[in-house]
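Listed in order, the protein sequences are those of chains A and B.
Using this note's numbering, you'd call the opening residue of the first sequence number 1 and step up by one each time.
Using this note's numbering, you'd call the opening residue of the second sequence number 1 and step up by one each time.
It cannot be assumed that every hint is accurate.
Same chains, same names: a pair is fine if it fits in one copy or spans any two.
[Claimed, not checked] As a list, the in silico SDA-like pairs of lysine to any residue whose alpha-carbon atoms are at most 20 Å apart: (1) Lys37 to Asp263; (2) Lys12 to Asn46; (3) Lys303 to Leu6; (4) Lys17 to Lys228; (5) Lys37 to Ser213; (6) Lys327 to Arg255; (7) Lys303 to Asn101; (8) Lys192 to Gly91; (9) Lys105 to Gly91; (10) Lys105 to Thr295; (11) Lys228 to Val315; (12) Lys37 to Asp282; (13) Lys62 to Gln112; (14) Lys33 to Pro149; (15) Lys62 to Arg111; (16) Lys327 to Arg195; (17) Lys222 to Asp8; (18) Lys292 to Leu100; (19) Lys222 to Arg22.
If you're looking for bench data, these hints aren't it; they were derived computationally from the structure.
These numbers come from a predicted model, not from an experiment.
Protein chains: 2
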Amino acid sequence: MKKLRLEDVAAKAGVSKTTVSRVINRRGSLSQKTIDKVEAAMSELNYHPNVIAQQLHTQQTKLIGILVPSVANPFFGELTVYLEHALFLAGYKVLIADALNNPEKEQRYLRQLMGHQVDGLIIATHNSDIEEYQHANLPIVAIDRYLRPDIPVVSSDNYAGGQLAVEALYQRGCRHIVHTYSTNPSNWHDNKRERAYQDTMASYGLTPMTCTSSFNDSPQEKLAIFSKLLEEHPEIDGIFASNDLDAARLLSVARRLGRRVPDDLQIIGYDGAQATQELVPDLATIVQPIEKMATYAVETLEKRIKGTFTPSTTVLPVTLKAGCTLKELND
Amino acid sequence: MKKLRLEDVAAKAGVSKTTVSRVINRRGSLSQKTIDKVEAAMSELNYHPNVIAQQLHTQQTKLIGILVPSVANPFFGELTVYLEHALFLAGYKVLIADALNNPEKEQRYLRQLMGHQVDGLIIATHNSDIEEYQHANLPIVAIDRYLRPDIPVVSSDNYAGGQLAVEALYQRGCRHIVHTYSTNPSNWHDNKRERAYQDTMASYGLTPMTCTSSFNDSPQEKLAIFSKLLEEHPEIDGIFASNDLDAARLLSVARRLGRRVPDDLQIIGYDGAQATQELVPDLATIVQPIEKMATYAVETLEKRIKGTFTPSTTVLPVTLKAGCTLKELND
Numbered sequence: 001m002k003k004l005r006l007e008d009v010a011a012k013a014g015v016s017k018t019t020v021s022r023v024i025n026r027r028g029s030l031s032q033k034t035i036d037k038v039e040a041a042m043s044e045l046n047y048h049p050n051v052i053a054q055q056l057h058t059q060q061t062k063l064i065g066i067l068v069p070s071v072a073n074p075f076f077g078e079l080t081v082y083l084e085h086a087l088f089l090a091g092y093k094v095l096i097a098d099a100l101n102n103p104e105k106e107q108r109y110l111r112q113l114m115g116h117q118v119d120g121l122i123i124a125t126h127n128s129d130i131e132e133y134q135h136a137n138l139p140i141v142a143i144d145r146y147l148r149p150d151i152p153v154v155s156s157d158n159y160a161g162g163q164l165a166v167e168a169l170y171q172r173g174c175r176h177i178v179h180t181y182s183t184n185p186s187n188w189h190d191n192k193r194e195r196a197y198q199d200t201m202a203s204y205g206l207t208p209m210t211c212t213s214s215f216n217d218s219p220q221e222k223l224a225i226f227s228k229l230l231e232e233h234p235e236i237d238g239i240f241a242s243n244d245l246d247a248a249r250l251l252s253v254a255r256r257l258g259r260r261v262p263d264d265l266q267i268i269g270y271d272g273a274q275a276t277q278e279l280v281p282d283l284a285t286i287v288q289p290i291e292k293m294a295t296y297a298v299e300t301l302e303k304r305i306k307g308t309f310t311p312s313t314t315v316l317p318v319t320l321k322a323g324c325t326l327k328e329l330n331d
Numbered sequence: 001m002k003k004l005r006l007e008d009v010a011a012k013a014g015v016s017k018t019t020v021s022r023v024i025n026r027r028g029s030l031s032q033k034t035i036d037k038v039e040a041a042m043s044e045l046n047y048h049p050n051v052i053a054q055q056l057h058t059q060q061t062k063l064i065g066i067l068v069p070s071v072a073n074p075f076f077g078e079l080t081v082y083l084e085h086a087l088f089l090a091g092y093k094v095l096i097a098d099a100l101n102n103p104e105k106e107q108r109y110l111r112q113l114m115g116h117q118v119d120g121l122i123i124a125t126h127n128s129d130i131e132e133y134q135h136a137n138l139p140i141v142a143i144d145r146y147l148r149p150d151i152p153v154v155s156s157d158n159y160a161g162g163q164l165a166v167e168a169l170y171q172r173g174c175r176h177i178v179h180t181y182s183t184n185p186s187n188w189h190d191n192k193r194e195r196a197y198q199d200t201m202a203s204y205g206l207t208p209m210t211c212t213s214s215f216n217d218s219p220q221e222k223l224a225i226f227s228k229l230l231e232e233h234p235e236i237d238g239i240f241a242s243n244d245l246d247a248a249r250l251l252s253v254a255r256r257l258g259r260r261v262p263d264d265l266q267i268i269g270y271d272g273a274q275a276t277q278e279l280v281p282d283l284a285t286i287v288q289p290i291e292k293m294a295t296y297a298v299e300t301l302e303k304r305i306k307g308t309f310t311p312s313t314t315v316l317p318v319t320l321k322a323g324c325t326l327k328e329l330n331d
């Protein structure tokens, strides 16, 4: 499959290579007749102008790199769809990388992305201590991650989300509320959710209790941790899980152990991705404004690319989605 | 943020631009001392060689475009992760596009991808009647979609999957088995699943019954269709849903209507994405070998790019994952 060249179009249209190039780039004076002739030839040959050559000229690639932990996770899948769509509307194409919680892959990928001369990066991975971020000299926006003082962050309100979750459980009668979350040294947002949990529990005079697992634990290991938690602590009557995958696992474990949800045990998750809400419609959760996070991230990145002013942090409000894993609230 | 140029490296290393270029492309005779000097300068300046300029030279971009309906769907999210990872290991970067069941977006995107001179395309979208596919003169592999006689297809065994699903329900006592699926004129795989359903029902002497919805129905519309189905047909004792999202919706509708699953009603879905299995661990499903589909698609595309022989169709086996939505099988 030989790639078509400018020469082929020129021959077909009966004009010079320079004329074809001028038509593609709309440079110099061109008669409509010439434009029509060249475009007809391009269309007939199914020739697409070489954007790469244009890039060398403009020093812009119109490519944006997006790094996420994994688009197979419904939250990051949905975030990527909205980012990609907003960037598409702004004239950009997206290079996607799933870091898979593997710092080495992330590092290699970052080096290569910079080699590909992307116009900017959107970073939503967990490994913020990668050295490349400290030296990168191109526009970057981080989603929910602190990378460097001069890299703007777009996130949802993790502190308010943690507060909302604990309040919802407390108002429905829970007094033994556990918070489950995944640990990661640079996992900025969970710290805020956890801090909100601690503060809100203290404000109610309740004793906090946390159960941690690691991002790298397998689904089986997570299930074992959660079974042990519920078996060893029959007094637990409320769970605030830091993400919906863990909340769904806890719901499944609770049902298997014969705990009645929501009568004896209430559960609230975090994230509220569309696919998760469809797959587990019963689950109460704190819904992050995923589409808004994506559009603000793209807006901020575009401003960075243009060199105009941006906020260093943009925090967007979250909402509570009540579900059958919470009791109905009696007013 | 000014982009660094070859000149800057040359000045720093105290050599000519040509020498820097020769070090980057490893061309001509170079002393180790010169290589070290130039690489030290590049590293110190945090300069990344301009891959775009190299691309013009080699006529390869090392970019592959992937078109999927939406990475927010757990099946396509997982497929994309595996495709991206296999391509990464093969030295390619991925341009991702979510067509969102919008043929116009898909068409515009395709035109632009061709303009970006990708080395190849992997297509997993539903809109196979887009004209661009008929004229595209670059290596393409389709996943589970028929596009054109000379475009190879990698898919899982949809006919065997349909058969496995109906057999599993029949062996567990179901005699009124409905098949739910989404309609789309070019939706190749579902036709095979549906054909297998029809054939297997006929082989058991059972009357087939299908319930169709559209890809573009909202979650609410789907729930309404499924509620109506179960309310109007209390005799239904088995459901074969063509995808796990619909199966999860049917499970939720059945529970709300007080149908006991699996005692009175058994359900089996299709796809078996990891995130879905984690979110709805109870659901029985036909598991597609998503990782294998991705690696075979990438292998086939690499062969196309090199111009070597490939099968026109590669079909990979599926497996049954029994779950609590099916009764235990008594031998």
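Results for each hint:
| no. | hint | verdict |
| --- | --- | --- |
| 1 | Lys37 to Asp263 | neither (75 Å within a copy, 71 Å between copies) |
| 2 | Lys12 to Asn46 | within (12 Å within a copy, 45 Å between copies) |
| 3 | Lys303 to Leu6 | neither (35 Å within a copy, 27 Å between copies) |
| 4 | Lys17 to Lys228 | neither (73 Å within a copy, 64 Å between copies) |
| 5 | Lys37 to Ser213 | neither (65 Å within a copy, 47 Å between copies) |
| 6 | Lys327 to Arg255 | both (16 Å within a copy, 17 Å between copies) |
| 7 | Lys303 to Asn101 | neither (29 Å within a copy, 30 Å between copies) |
| 8 | Lys192 to Gly91 | neither (35 Å within a copy, 38 Å between copies) |
| 9 | Lys105 to Gly91 | between (28 Å within a copy, 12 Å between copies) |
| 10 | Lys105 to Thr295 | between (27 Å within a copy, 18 Å between copies) |
| 11 | Lys228 to Val315 | neither (36 Å within a copy, 42 Å between copies) |
| 12 | Lys37 to Asp282 | neither (61 Å within a copy, 63 Å between copies) |
| 13 | Lys62 to Gln112 | both (16 Å within a copy, 11 Å between copies) |
| 14 | Lys33 to Pro149 | neither (54 Å within a copy, 38 Å between copies) |
| 15 | Lys62 to Arg111 | both (18 Å within a copy, 15 Å between copies) |
| 16 | Lys327 to Arg195 | neither (25 Å within a copy, 45 Å between copies) |
| 17 | Lys222 to Asp8 | neither (60 Å within a copy, 51 Å between copies) |
| 18 | Lys292 to Leu100 | between (24 Å within a copy, 18 Å between copies) |
| 19 | Lys222 to Arg22 | neither (61 Å within a copy, 52 Å between copies) |
In summary, the numbered hints that this structure violates are 1, 3, 4, 5, 7, 8, 11, 12, 14, 16, 17, 19.
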